[in-house]
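**Student:** Each chain, letter by letter, is given below.
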Amino acid sequence: MSDIQKIGSAGSVESNDCLVTISASDHLEVEIQSIVDAFFHDQIEKVVLDTLKEKGLNNVKVSLQDKGALDYTIKARLLTAIERMEAK
Amino acid sequence: MRRSLLFIPGNNPAMLQNADVFGSDAVIFDLEDAVNVLQKDSARNLMHCYLETHPNQPMEVVVRINGLDTDYYQKDLELIVSDNIDSIMLPKARVVYLNQLDEMLTKIEKEKKMKKHIKVLPIIELAVSVLEVEEIVKCPRVDGVLLGAEDLTSDMEVTRTKAGVEIEYPRARIAMACKAYQIDAIDTPFTDVNDYEGLLKDALHAQELGMNAKSAIHPNQLDTINKVFLPTEKQITWALRVRQATKEASEKGLGVFSLDGKMVDKPVMERAEKILMKAEKFGAI
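Chains as they are written, first to last, in this note's numbering: chain A, 1 to 88; chain B, 1 to 285.
It should be emphasised that the hints constitute simulated quantities derived from the structure, not laboratory data. For glycine and all other residues, C-beta sits at the position ideal for the given N, C-alpha and C. Treat the hints with care, as some may be off.
[Unchecked claim] Facing chain A, according to a computed beta carbon distance under 7 Å, are these residues of chain B, among others:
| no. | residue |
| --- | --- |
| 1 | 14 |
| 2 | 17 |
| 3 | 49 |
| 4 | 50 |
[As the list claims (entries may be wrong)] No farther apart than 20 Å at their CA atoms in a straight line, the calculated lysine to aspartate or glutamate pairs in the DMTMM-like style are these:
| no. | chain 1 | residue 1 | chain 2 | residue 2 |
| --- | --- | --- | --- | --- |
| 5 | A | 88 | B | 71 |
| 6 | B | 75 | A | 83 |
| 7 | A | 53 | B | 52 |
Could you put together the complete structure from these sequences and hints?
**Tutor:** Here it is, written out as structure tokens:
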């Protein structure tokens with residue numbers, strides 16, 4: 001899949017949720033800010049990378065502000081952000 | 001057979017992650033009224049990912065999709081219908097929509113090679129749906145009907161009150177239709193989540209009219225609803241005595257007999273068995 005030069009965002013900064021923003025880039029970059037970063041940084045990053053791989057996206061920048069979201073919430077918000085980016 | 005059904009907004013991660021601990025017989029994940037039109041895609045994806053990671057829930061899993069008169073229902077069905085849910089709740093139900101929904105579900109079940117046969121819970125929230133309810137209960141997959149009083153009173157241009165006089169007729173008509181076809185008659189939610197006395201009164205009245213379950217919009221309403229729609233200890237004791245006396249009478253070749261000076265015949269025996277069936281299902285005996 002070709003990388004798209006647009007931006008998509010989904011989610012919120014409410015408790016148990018996360019706000020995900022994705023945009024096209026010339027390389028893969030994942031930026032995570034989390035209230036549980038000390039314990040779950042690697043786990044959150046893995047969910048993001050697995051989801052990007054599933055969607056065939058290599059050159060994108062993902063910014064994630066996490067407020068304690070579970071894995072399925074992170075994945076869902078990222079999927080929505082990707083769909084919104086692709087729709088623009 | 002249900003007593004309580006709890007609505008949970010489909011785009012609220014904090015509530016989703018606790019959905020299985022509230023103690024309702026069914027959870028209704030809402031993609032319709034509880035979700036802003038700009039967040040329909042987000043809610044749908046959240047529900048999909050949640051359901052994928054929660055395949056075996058301890059309660060019935062119902063998803064309220066968007067109505068068949070909107071642009072959202074097809075995507076809802078495509079993404080949400082799977083073996084991880086039990087039922088679809090259809091807002092603003094009409095016979096024509098229920099037949100369309102049945103066709104779409106049949107197609108999806110076949111394409112996804114599903115093991116489950118998805119049930120449908122229509123919401124009666126239009127005046128015309130009240131008039132159609134005798135046909136709605138006969139539609140394929142329908143195994144319960146919910147009264148949606150907020151939209152119905154809006155359609156009727158009447159004020160919604162706690163006393164509920166304005167919904168007396170639809171409540172009775174829905175209960176009658178459901179009982180005629182032995183499916184669940186599910187009462188409308190009580191919308192004041194801080195008025196527990198009002199909730200109790202409202203639930204008891206719905207039960208008197210023949211409703212056998214009630215929907216809730218807050219977990220704190222569940223205890224009251226579960227108690228109201230469960231047979232009382234006195235009813236269970238009576239039903240157990242009827243069952244024992246029926247057995248003894250049958251051994252003597254009697255079809256009708258007397259218990260505590262009152263006649264017990266087939267309808268009374270059936271009533272006792274219904275009470276015991278419900279009590280057994282919900283662990284009261």
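**Student:** All hints, please: hold or fail.
**Tutor:** Outcome of the hint check:
1. Evaluation of the residue 14 of chain B hint against chain A yields a held restraint, the C-beta minimum of about 4 Å falling below 7 Å.
2. Satisfaction of the interface hint for residue 17 of chain B is found here, the shortest Cβ-Cβ separation to chain A being roughly 6 Å, below the 7 Å cut-off.
3. Nearest Cβ of chain A to the Cβ of residue 49 of chain B: about 4 Å, under the 7 Å cut. The hint holds.
4. Annotation: interface hint on residue 50 of chain B holds; nearest CB of chain A at approximately 5 Å, less than 7 Å.
5. For the hint linking residue 88 of chain A to residue 71 of chain B, the alpha-carbon distance of about 19 Å falls within 20 Å, and the restraint holds.
6. The hinted pair formed by residue 75 of chain B and residue 83 of chain A meets the criterion: a straight-line CA distance of about 13 Å does not exceed 20 Å.
7. Between residue 53 of chain A and residue 52 of chain B the CA atoms are separated by roughly 18 Å; this keeps the pair inside 20 Å, and the hint holds.
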